[in-house]
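Visitor: Construct the entire structure; sequences and hints are all you get.
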Amino acid sequence: MTNHKHLSMRGVRKNYRFFTLDDLTLELEPGQVMGFVGPNGAGKSTTLRLAIGLIAPDAGEIRVLGHDIPKNQAAAKRDVGFVSAEMRLFPHATLGWHMDFMKSIYPEWDGGYAATLVKRFNLRTEQNARSLSLGEHVKATLLLALARRPKLLILDEPTTGLDPVARHEVISEFMDVLRDESRSILFSSHNTVDVERISDTIAFIDRGRIVECSNKEDFLDRWRRIQVQLPPGTALPDLPNIVHRQIDGHFVTLTTNQFSEGLQALIGPHVTGIQRMNLEEIFVANVMHHREARGQ
Amino acid sequence: MNVVTRKLIAKELYVNRWFVGGGAISAVVSVLIAATSKTGFNIGALTWLTTIIATGVMLGIYGIMNERKEHSLQFVLSLPLSVGDYVLAKMLGLMACFLIVWLAGSAAAMTLVFGMQAVPDGVGPYVVLLCVFMLANFAVVLCGALHAQSEALTSAVVIITNMGVSIFMFTIGPLPGISQSMWGPTPAWNSTFWTVLGCELAVLVVAFTLPFFLAARRRDFL
Numbered sequence: 000m001t002n003h004k005h006l007s008m009r010g011v012r013k014n015y016r017f018f019t020l021d022d023l024t025l026e027l028e029p030g031q032v033m034g035f036v037g038p039n040g041a042g043k044s045t046t047l048r049l050a051i052g053l054i055a056p057d058a059g060e061i062r063v064l065g066h067d068i069p070k071n072q073a074a075a076k077r078d079v080g081f082v083s084a085e086m087r088l089f090p091h092a093t094l095g096w097h098m099d100f101m102k103s104i105y106p107e108w109d110g111g112y113a114a115t116l117v118k119r120f121n122l123r124t125e126q127n128a129r130s131l132s133l134g135e136h137v138k139a140t141l142l143l144a145l146a147r148r149p150k151l152l153i154l155d156e157p158t159t160g161l162d163p164v165a166r167h168e169v170i171s172e173f174m175d176v177l178r179d180e181s182r183s184i185l186f187s188s189h190n191t192v193d194v195e196r197i198s199d200t201i202a203f204i205d206r207g208r209i210v211e212c213s214n215k216e217d218f219l220d221r222w223r224r225i226q227v228q229l230p231p232g233t234a235l236p237d238l239p240n241i242v243h244r245q246i247d248g249h250f251v252t253l254t255t256n257q258f259s260e261g262l263q264a265l266i267g268p269h270v271t272g273i274q275r276m277n278l279e280e281i282f283v284a285n286v287m288h289h290r291e292a293r294g295q
Numbered sequence: 000m001n002v003v004t005r006k007l008i009a010k011e012l013y014v015n016r017w018f019v020g021g022g023a024i025s026a027v028v029s030v031l032i033a034a035t036s037k038t039g040f041n042i043g044a045l046t047w048l049t050t051i052i053a054t055g056v057m058l059g060i061y062g063i064m065n066e067r068k069e070h071s072l073q074f075v076l077s078l079p080l081s082v083g084d085y086v087l088a089k090m091l092g093l094m095a096c097f098l099i100v101w102l103a104g105s106a107a108a109m110t111l112v113f114g115m116q117a118v119p120d121g122v123g124p125y126v127v128l129l130c131v132f133m134l135a136n137f138a139v140v141l142c143g144a145l146h147a148q149s150e151a152l153t154s155a156v157v158i159i160t161n162m163g164v165s166i167f168m169f170t171i172g173p174l175p176g177i178s179q180s181m182w183g184p185t186p187a188w189n190s191t192f193w194t195v196l197g198c199e200l201a202v203l204v205v206a207f208t209l210p211f212f213l214a215a216r217r218r219d220f221l
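Those protein sequences? They're chains A and B, same order as listed.
The first sequence: position 154 = 153 (numbering that gives the first Met the number 0), numbered continuously.
The second sequence: position 67 = 66 (numbering that gives the first Met the number 0), numbered continuously.
Take the hints with a grain of salt, since some may be wrong.
What the hints assert, rightly or not - So these bits of chain A aren't anywhere near chain B, every CB distance computed over 12 Å:
(1) Thr-19
(2) Ser-181
(3) Arg-208
Unchecked claim - Below are the DSS-like pairs computed for lysine-lysine, each with C-alpha atoms no more than 30 Å apart in a straight line:
(4) A:Lys-150 / A:Lys-215
(5) A:Lys-4 / A:Lys-150
(6) B:Lys-68 / B:Lys-6
(7) A:Lys-70 / A:Lys-4
(8) B:Lys-10 / A:Lys-118
(9) A:Lys-102 / B:Lys-6
(10) A:Lys-150 / A:Lys-102
(11) A:Lys-70 / B:Lys-68
(12) A:Lys-70 / B:Lys-10
(13) A:Lys-150 / B:Lys-37
(14) B:Lys-10 / A:Lys-150
(15) A:Lys-4 / A:Lys-118
(16) A:Lys-102 / A:Lys-118
(17) A:Lys-102 / B:Lys-10
(18) A:Lys-4 / A:Lys-215
(19) A:Lys-102 / B:Lys-68
(20) A:Lys-70 / A:Lys-150
(21) B:Lys-10 / B:Lys-68
(22) A:Lys-70 / A:Lys-102
(23) A:Lys-118 / B:Lys-6
(24) B:Lys-6 / A:Lys-70
(25) A:Lys-150 / A:Lys-118
Stated by the list, open to error - Among the chain A residues that face chain B by a calculated CB cut under 8 Å, a handful are:
(26) Ala-73
(27) Lys-76
(28) Ser-83
(29) Glu-85
(30) Pro-90
(31) His-91
(32) Gly-95
(33) Thr-140
Hints listed in this document are in silico derivations from the structure and should not be mistaken for laboratory results.
None of the values given here were measured: they were computed from a predicted structure.
Heads up, the beta-carbon is just placed ideally off N, CA and C, and yes, glycines get one too.
Guide: Take a look at the structure:
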């Protein structure tokens, strides 16, 4: 393993009474944005909490910015910004107090950037955390993480509870962070639109296992929905890499995870349409395919 | 002690400042009320006890249980610190908050006992034991709250420690070594006093240090 990776998780397992995260392997390079997509209860938050050292793995190895986690979490967290949708600030202190608090802990605190974010996110520093709305709370915690200029941002459902405008503002800030190519982001979401917008790598997780992890463009290039109209008495030949087929009389819709001109040629002249799939469609098809393959 | 731990101790004093200030004033005012008359003594003693007990309970509930329940703990643990640093900051920060109220209340009570003619000095040892008991009791609340993973368990610790005050008063007060000289003109710092004080200090030390060996080594703190 090389030390320049911002995050490395190998063979990580975490057992709970009703859930097991199993054989999790992930790597995040500097400058990379990894979208971590999965349904509710898939293990996204557990994975991110393991990465930041809030919980300890039962097996496997976790390294963040070259530090062993959870053993050396204090050193690692100096350069890691962690925000989760359910994270809350101290209810009886103002946002301004929190900003001063962070400034006193992190020498890299960028006061000018923090002030810009306060304006951009339409927050008020004199407001008590207790009186912040859900969206304001998420923006406030993001502000406190971003203004530290961390090398690695770990974000657990960061856009949950935000309206479309606020989501746009927050995603724009993430993109701004990535102008510095030495910084990276790992963020979980079940909002595939956000993930598709900023991620360059995507990991799908379902029922405690990584289903697939790949480059975003690779996902979008490989996955296709092919519509076929078969003449009466005609059957489809055996086709490779078909993860789903839906038959409605003479009309067949095939979903492939390895589209190629060769596959199209195999189907023959009966193809009536080929559609690219968006990330949400790929995610659902991928998860369902792996559940079937595992007999779940 | 690292800078984050120091800042978190200061944070406890800041976020609990009104509560701690109010508690300290209430404890002193209770003693002043107790100095007015016999009825005043009963009222003052009751409010003094209530103030110190309530301060401990509220610090345990708001400082530890609610931080976990309201997910502020995630924010704290995202800072560059280990679980051990967090436990150290909580124990020292909340103990410092409690000590402000406890010292104000205990000093006022001692002044009342040894400074007023109407109150016999013989009650001094019992008041000292009661004050130290309150401190040990708070250490148990802190220890329990840091180890309890659930609200129900923390509430149980709070209820049991509250009951402990009544049990203390009903069992320690009647001890011959304490009761025989309680209303006399001179305090009796006898073996009974030292034995009870030793037990209280032992509980205080165990309750205060246990989290550093157990809670601080917990693998999953959330």
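Visitor: If a hint holds in the structure, say so; if it doesn't, say that too.
Guide: Right, here's what the structure says about each hint:
{"no.": "1", "hint": "Thr-19", "result": "holds, 14 Å"}
{"no.": "2", "hint": "Ser-181", "result": "holds, 19 Å"}
{"no.": "3", "hint": "Arg-208", "result": "holds, 21 Å"}
{"no.": "4", "hint": "A:Lys-150 / A:Lys-215", "result": "holds, 22 Å"}
{"no.": "5", "hint": "A:Lys-4 / A:Lys-150", "result": "holds, 11 Å"}
{"no.": "6", "hint": "B:Lys-68 / B:Lys-6", "result": "holds, 22 Å"}
{"no.": "7", "hint": "A:Lys-70 / A:Lys-4", "result": "holds, 18 Å"}
{"no.": "8", "hint": "B:Lys-10 / A:Lys-118", "result": "holds, 26 Å"}
{"no.": "9", "hint": "A:Lys-102 / B:Lys-6", "result": "holds, 11 Å"}
{"no.": "10", "hint": "A:Lys-150 / A:Lys-102", "result": "holds, 17 Å"}
{"no.": "11", "hint": "A:Lys-70 / B:Lys-68", "result": "holds, 25 Å"}
{"no.": "12", "hint": "A:Lys-70 / B:Lys-10", "result": "holds, 25 Å"}
{"no.": "13", "hint": "A:Lys-150 / B:Lys-37", "result": "violated, 67 Å"}
{"no.": "14", "hint": "B:Lys-10 / A:Lys-150", "result": "holds, 26 Å"}
{"no.": "15", "hint": "A:Lys-4 / A:Lys-118", "result": "violated, 34 Å"}
{"no.": "16", "hint": "A:Lys-102 / A:Lys-118", "result": "holds, 18 Å"}
{"no.": "17", "hint": "A:Lys-102 / B:Lys-10", "result": "holds, 14 Å"}
{"no.": "18", "hint": "A:Lys-4 / A:Lys-215", "result": "holds, 19 Å"}
{"no.": "19", "hint": "A:Lys-102 / B:Lys-68", "result": "holds, 26 Å"}
{"no.": "20", "hint": "A:Lys-70 / A:Lys-150", "result": "holds, 19 Å"}
{"no.": "21", "hint": "B:Lys-10 / B:Lys-68", "result": "holds, 18 Å"}
{"no.": "22", "hint": "A:Lys-70 / A:Lys-102", "result": "holds, 25 Å"}
{"no.": "23", "hint": "A:Lys-118 / B:Lys-6", "result": "holds, 27 Å"}
{"no.": "24", "hint": "B:Lys-6 / A:Lys-70", "result": "holds, 22 Å"}
{"no.": "25", "hint": "A:Lys-150 / A:Lys-118", "result": "holds, 24 Å"}
{"no.": "26", "hint": "Ala-73", "result": "holds, 5 Å"}
{"no.": "27", "hint": "Lys-76", "result": "holds, 4 Å"}
{"no.": "28", "hint": "Ser-83", "result": "holds, 6 Å"}
{"no.": "29", "hint": "Glu-85", "result": "holds, 5 Å"}
{"no.": "30", "hint": "Pro-90", "result": "holds, 7 Å"}
{"no.": "31", "hint": "His-91", "result": "holds, 5 Å"}
{"no.": "32", "hint": "Gly-95", "result": "violated, 13 Å"}
{"no.": "33", "hint": "Thr-140", "result": "holds, 7 Å"}
Of the hints listed earlier, those the structure fails to meet are numbers 13, 15 and 32, in rising order.
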